[in-house]
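**Q** Sequence:
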Amino acid sequence: MSDLAEFADWTLRKSAFVPALVAYSLGSRHSLRAYLAAQQVGPAPEETDEQKRRGSLRRKLALFALIVLIGGGETYLICTENERVLAMCMRYMLAVFYQMVLTSTFADLTHAYNTAVYRTPTTLVFAPLRSSISKSRLLVTVAIATGLNVATYLDMHYAAAMALSTAAIFRLISRTPSRTFSLRVYMIVLLAWLALTALISGVLVTYLVNYWMDGAAGDGTVAAGVEQGSRPDGSMILTGYIGTYQTAMLAFAPGILIAACYRFDYANHVEANPELAQIATLETVAPSSKCRRAISDGVVLPQSDPVGFARPYFTTALWSWMLAMMASFGILSMAMPLSAEVLAMHTLDLVGLTLAIPFMVVGIVLTASIRGEFKRMWTYKETWFTKADDKTEGAIALLSGDADEETLPAYEIDSDRESLDEKAPLVPVEATLA
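Just so we're aligned: the sequence shown equals residues 1 to 434 in our numbering.
Careful: at least some of the hints might be erroneous.
[Unchecked claim] Dumping the calculated BS3-like pairs for lysine-lysine here, alpha-carbon to alpha-carbon at most 30 Å:
| # | residue 1 | residue 2 |
| --- | --- | --- |
| 1 | K375 | K52 |
| 2 | K60 | K290 |
| 3 | K290 | K52 |
| 4 | K290 | K135 |
No lab work stands behind these hints, which were simulated from the structure alone.
Let the hints inform the model, and build the full structure from the sequences given.
**A** Here's what the structure looks like:
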């Protein structure tokens, strides 16, 4: 690929730029809905020590069986160099995953059913509310999802692959899977991951350069006997339908940070408008009789987004990511002509991720410093799921070990509200315990 216009067209059609941009905008709003509902879920049913032991044993056995089944099978196929069977197995597994992602995403966007969040002793569970399912909308959603999945598999049009990538990124960022989330911890983890990746990449590049310079035969040439096509070509596994998931994997980490900035903007808005903490309790639903002993009553996710609040951190993070992607486009354009193999390995997305992490972290830190909210941003923490033995309550709390830091007014606890901190963007304590 030697023409700049052709490279720009390829970027819009094949890279993560457009799918991620759409997914970040929609997923951030849905993550706030999920967060608001998660804060109103009541406590999970208590378990005896025997029930905890059995539950932990079942989870470990299921995880072990899954690792042995998938990992063992892939290892065997790789060792036997049976690449076609390996690619076929991966296609079937990913086809099921893609179908679930597309169906759930379009069901959320088309309101085919309402989603409720439940609390178990160990995690939060998001599940469709059966009484709210619209059969006609659900059938249309399944049909659209199946059509897009098949079109992506057959490579009929690039728009189908873009829709699949958008759905995968949307699903990954719309619900934070961790028990707690801290802006500063996540940014530090991203920077540490970037530094470790740079170190490992530098070591590998140095080794390969030395190998090429020395040559296996000692005369500056590659070892004899290694001919073109004598080894399996990994491009069949890493590209095409199977490689579609790589677009989401390279874009979800910035998306998590962008969605967190959106929720942080809303928390700041509520802190400036305390009356918003008195919003009505969301609709609650009882679990089925079979699950009543294991999960709490559910809370239905709101169908609309909070509006009318400034989004400086969300805007900064989103534009920083866009700037990083444009910078990666400029860097690769200077290296033209680019081979099809280089582009097929998601090089643009990988370079964009490498640049996006420092761009976004610096942008968020500068925005917080300019607005005089650095300490508030640095100590911001969300509690999505509280275990029975935890003493932390409320939506936002300081990280442990911050006793030497000055207490912000936004985190002072009002005696009338007992344990719910003033900045919590939700309901009074009485409603959360109902």
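**Q** Now tell me if each hint is right for this structure.
**A** Okay, the hints, checked on the actual structure:
no.	hint	verdict
1	K375 to K52	violated, 39 Å
2	K60 to K290	holds, 23 Å
3	K290 to K52	holds, 18 Å
4	K290 to K135	holds, 24 Å
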